[in-house]
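In order, the protein sequences belong to chains W and E. Our numbering applies: residue 1 is where the first sequence begins, and numbers increase by one. Our numbering applies: residue 1 is where the second sequence begins, and numbers increase by one.
Just so you know, the hints here were simulated from the structure itself, not pulled from any lab data. The structure displayed is predicted, hence computed values, not measured ones. Ideal Cβ placement from N, Cα and C applies to all residues, glycine included. A few of these clues could be false.
Stretch-level coverage of chain W by chain E, calculated; a stretch enters the list once three of its residues show a Cβ under 8 angstroms from a Cβ in chain E [as the list claims (entries may be wrong)]:
| # | region |
| --- | --- |
| 1 | 60-72 |
| 2 | 152-163 |
| 3 | 168-174 |
| 4 | 179-191 |
| 5 | 251-258 |
| 6 | 267-281 |
Chain by chain, the residues:
Number of protein chains: 2
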Amino acid sequence: MKIVLDAMGGDIAPKNPIGGLKLALETLKDVEKFYITGPKDALEAELDAQRVGQRERIEIVPANQVVDMHDSGLDAVRKKKNSSITVAVDLVKQGQAQAVVSAGHTGASVTAGTLMLGRLEGVDFPGIASPMPNEHGVCYILDAGANPDATARHLVQYAIMGSTYAQYVHGRSSPVVGLMNVGEEDSKGNLLVKEAFGLLKKAPVNFKGNVEGHDIFETELDVIVCDGFTGNVVLKSCEATAKAMFTWLKREIESSFVRKMGALMAQEAFRAVRKRGSYESYGGSPLLGVKGVVIIGHGSSSPVAIMNALRVGMEAVTHEVNPHIQTAITSHVFAHV
Amino acid sequence: MKIVLDAMGGDIAPKNPIGGLKLALETLKDVEKFYITGPKDALEAELDAQRVGQRERIEIVPANQVVDMHDSGLDAVRKKKNSSITVAVDLVKQGQAQAVVSAGHTGASVTAGTLMLGRLEGVDFPGIASPMPNEHGVCYILDAGANPDATARHLVQYAIMGSTYAQYVHGRSSPVVGLMNVGEEDSKGNLLVKEAFGLLKKAPVNFKGNVEGHDIFETELDVIVCDGFTGNVVLKSCEATAKAMFTWLKREIESSFVRKMGALMAQEAFRAVRKRGSYESYGGSPLLGVKGVVIIGHGSSSPVAIMNALRVGMEAVTHEVNPHIQTAITSHVFAHV
Numbered sequence: 001m002k003i004v005l006d007a008m009g010g011d012i013a014p015k016n017p018i019g020g021l022k023l024a025l026e027t028l029k030d031v032e033k034f035y036i037t038g039p040k041d042a043l044e045a046e047l048d049a050q051r052v053g054q055r056e057r058i059e060i061v062p063a064n065q066v067v068d069m070h071d072s073g074l075d076a077v078r079k080k081k082n083s084s085i086t087v088a089v090d091l092v093k094q095g096q097a098q099a100v101v102s103a104g105h106t107g108a109s110v111t112a113g114t115l116m117l118g119r120l121e122g123v124d125f126p127g128i129a130s131p132m133p134n135e136h137g138v139c140y141i142l143d144a145g146a147n148p149d150a151t152a153r154h155l156v157q158y159a160i161m162g163s164t165y166a167q168y169v170h171g172r173s174s175p176v177v178g179l180m181n182v183g184e185e186d187s188k189g190n191l192l193v194k195e196a197f198g199l200l201k202k203a204p205v206n207f208k209g210n211v212e213g214h215d216i217f218e219t220e221l222d223v224i225v226c227d228g229f230t231g232n233v234v235l236k237s238c239e240a241t242a243k244a245m246f247t248w249l250k251r252e253i254e255s256s257f258v259r260k261m262g263a264l265m266a267q268e269a270f271r272a273v274r275k276r277g278s279y280e281s282y283g284g285s286p287l288l289g290v291k292g293v294v295i296i297g298h299g300s301s302s303p304v305a306i307m308n309a310l311r312v313g314m315e316a317v318t319h320e321v322n323p324h325i326q327t328a329i330t331s332h333v334f335a336h337v
Numbered sequence: 001m002k003i004v005l006d007a008m009g010g011d012i013a014p015k016n017p018i019g020g021l022k023l024a025l026e027t028l029k030d031v032e033k034f035y036i037t038g039p040k041d042a043l044e045a046e047l048d049a050q051r052v053g054q055r056e057r058i059e060i061v062p063a064n065q066v067v068d069m070h071d072s073g074l075d076a077v078r079k080k081k082n083s084s085i086t087v088a089v090d091l092v093k094q095g096q097a098q099a100v101v102s103a104g105h106t107g108a109s110v111t112a113g114t115l116m117l118g119r120l121e122g123v124d125f126p127g128i129a130s131p132m133p134n135e136h137g138v139c140y141i142l143d144a145g146a147n148p149d150a151t152a153r154h155l156v157q158y159a160i161m162g163s164t165y166a167q168y169v170h171g172r173s174s175p176v177v178g179l180m181n182v183g184e185e186d187s188k189g190n191l192l193v194k195e196a197f198g199l200l201k202k203a204p205v206n207f208k209g210n211v212e213g214h215d216i217f218e219t220e221l222d223v224i225v226c227d228g229f230t231g232n233v234v235l236k237s238c239e240a241t242a243k244a245m246f247t248w249l250k251r252e253i254e255s256s257f258v259r260k261m262g263a264l265m266a267q268e269a270f271r272a273v274r275k276r277g278s279y280e281s282y283g284g285s286p287l288l289g290v291k292g293v294v295i296i297g298h299g300s301s302s303p304v305a306i307m308n309a310l311r312v313g314m315e316a317v318t319h320e321v322n323p324h325i326q327t328a329i330t331s332h333v334f335a336h337v
């Protein structure tokens with residue numbers, strides 16, 4: 001298997017992508033070659049600086065443009081055909097690599113994945129499946145931001161794609177799907193989710209019904225479907241709450257010597273919770289619905305996060321997620337012709 | 001001033017509302033009379049059980065129906081004309097009380113407030129302003145769930161109403177308003193927020209632009225406007241995240257004796273953060289845009305939360321929030337005729 005990594009994607013690039021690559025060379029033995037895209041000289045210098053070995057498993061594919069946060073996703077793909085993300089996605093399109101990982105501009109990754117690779121047949125709009133830690137394992141918020149103006153039909157496709165992903169990658173026999181809403185009662189919600197509720201009841205998924213914030217963490221759910229605006233805002237709000245809690249706790253603890261000593265004794269507990277809530281262990285969010293494996297990493301991805309994003313990409317290829325999604329979507333579409 | 005409390009509203013009623021009333025009798029000296037609505041015998045028994053004094057400041061107004069969580073807001077108001085919430089709102093409508101507080105069914109409070117009291121002139125749809133703890137004070141999420149299918153025009157009205165509330169109740173000279181979005185760049189968002197962004201730039205408020213999850217806690221903001229679906233989901237997600245973090249921390253701490261000892265030494269820090277993040281200190285969320293003061297409490301309101309909700313009601317009356325909102329909305333409407 002060959003995977004391509006956008007070495008210029010993320011807030012600390014190429015340092016963290018190359019650091020993640022170095023870890024992946026040790027842990028992901030099934031990947032025979034890693035392509036990395038970006039300016040050749042800079043990447044070679046970074047590989048040397050971090051003393052990355054196994055160079056025979058690495059190939060630099062030059063890309064000299066950089067997508068910045070002010071480019072729109074469309075501009076990034078149309079006007080910067082030689083950027084690290086477009087060159088990376090093109091390697092998947094050409095069949096040279098089976099998966100692409102980028103922690104760069106999310107809109108650019110979504111647009112490049114959608115326009116350059118194309119959508120799976122029957123998929124109207126790809127969606128980002130973003131993992132959240134849950135009492136029972138992991139729950140995917142889908143869509144986490146690819147499609148801010150989703151229709152009810154899109155939400156049904158997200159349910160099918162997310163369910164298929166959970167089934168084949170996580171080995172869940174009958175993945176549980178919830179619909180993000182403002183209450184549990186069937187009649188709740190805005191026009192979009194009311195329509196989606198009716199469609200999901202008839203869809204070929206194990207639909208549990210409406211769910212709320214607390215269900216993200218407490219309920220045995222594999223997928224929570226929502227429009228990309230809601231999903232993105234929810235994810236960022238959860239992340240922000242966790243950060244605010246830790247900041248306030250830290251400040252309170254530092255206000256007294258006894259508290260500081262106490263916190264020192266309990267520090268492993270804090271570390272464990274931080275780790276559990278951290279994006280790092282999950283690594284990346286698959287963009288489901290495109291003809292190829294595209295994994296989107298957090299902008300602030302650490303080397304460990306990048307390594308895990310590469311692992312997520314590898315797993316999607318190994319478990320043949322896309323052929324399975326294509327089958328599930330096709331049967332659903334034919335059943336409803 | 002006279003305030004009416006829905007004594008049957010909330011998960012633990014009438015116990016917690018009566019407990020809150022008992023506290024309010026001590027702390028809210030400007031309130032000459034508290035009306036409480038609910039079944040007469042049950043309320044008298046609860047007043048006796050909790051040994052509530054100053055009975056001359058309390059008047060029970062009988063209401064024998066109870067709104068349950070499966071009633072729709074509209075049914076609750078239309079079909080249960082003798083419920084504790086409709087009787088309570090009616091006292092405001094009749095001019096006997098200046099504010100009403102309920103920790104019961106939110107949809108019923110919104111519907112009763114909107115249909116029975118009517119909207120302020122120029123207000124298309126009332127919105128719930130829900131307080132969130134912020135590094136710089138408090139930030140209101142508006143709308144937090146009254147109106148799940150808001151239009152851009154509604155969001156502008158929320159901005160004006162929230163801004164007026166922050167100005168008169170919190171003494172903020174130029175309240176800062178943000179628009180909840182998926183990114184900070186002007187071009188981000190779904191169709192609704194893109195349209196609202198343009199209107200907010202021209203509205204008579206101190207509009208800061210798009211904001212994201214972390215801004216809720218970190219940025220000096222008085223109001224974050226959003227549609228009621230997004231606002232409700234964000235609030236519940238933040239609450240759920242905080243709860244999950246505490247649950248996980250507790251579990252990690254209890255797994256070792258040393259950690260437990262440490263946490264005991266640092267326990268005041270945990271308490272301070274819990275208190276800061278707790279809804280209890282804020283008490284209630286004003287329903288802005290109706291002809292009367294309606295304060296919506298959390299279903300799980302404790303006696304302290306109820307007392308604070310009564311305080312929020314009192315403050316809205318004292319600071320003449322509604323006349324000020326009416327002036328602000330009217331000037332805006334006339335300026336755009």
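Do the hints match the structure? See the list:
1. 60-72: Holds, because 3 residues of the region 60-72 of chain W bring their Cβ atoms closer than 8 angstroms to Cβ atoms of chain E.
2. 152-163: violated (count 0)
3. 168-174: Coverage by chain E is violated for the region 168-174 of chain W (0 residues, Cβ < 8 angstroms).
4. 179-191: Satisfied; 8 residues make the cut.
5. 251-258: holds (count 5)
6. 267-281: n = 8 at 8 angstroms, threshold three: holds.
Checked against the numbered hints above, the structure breaks hints 2 and 3 and satisfies the rest.
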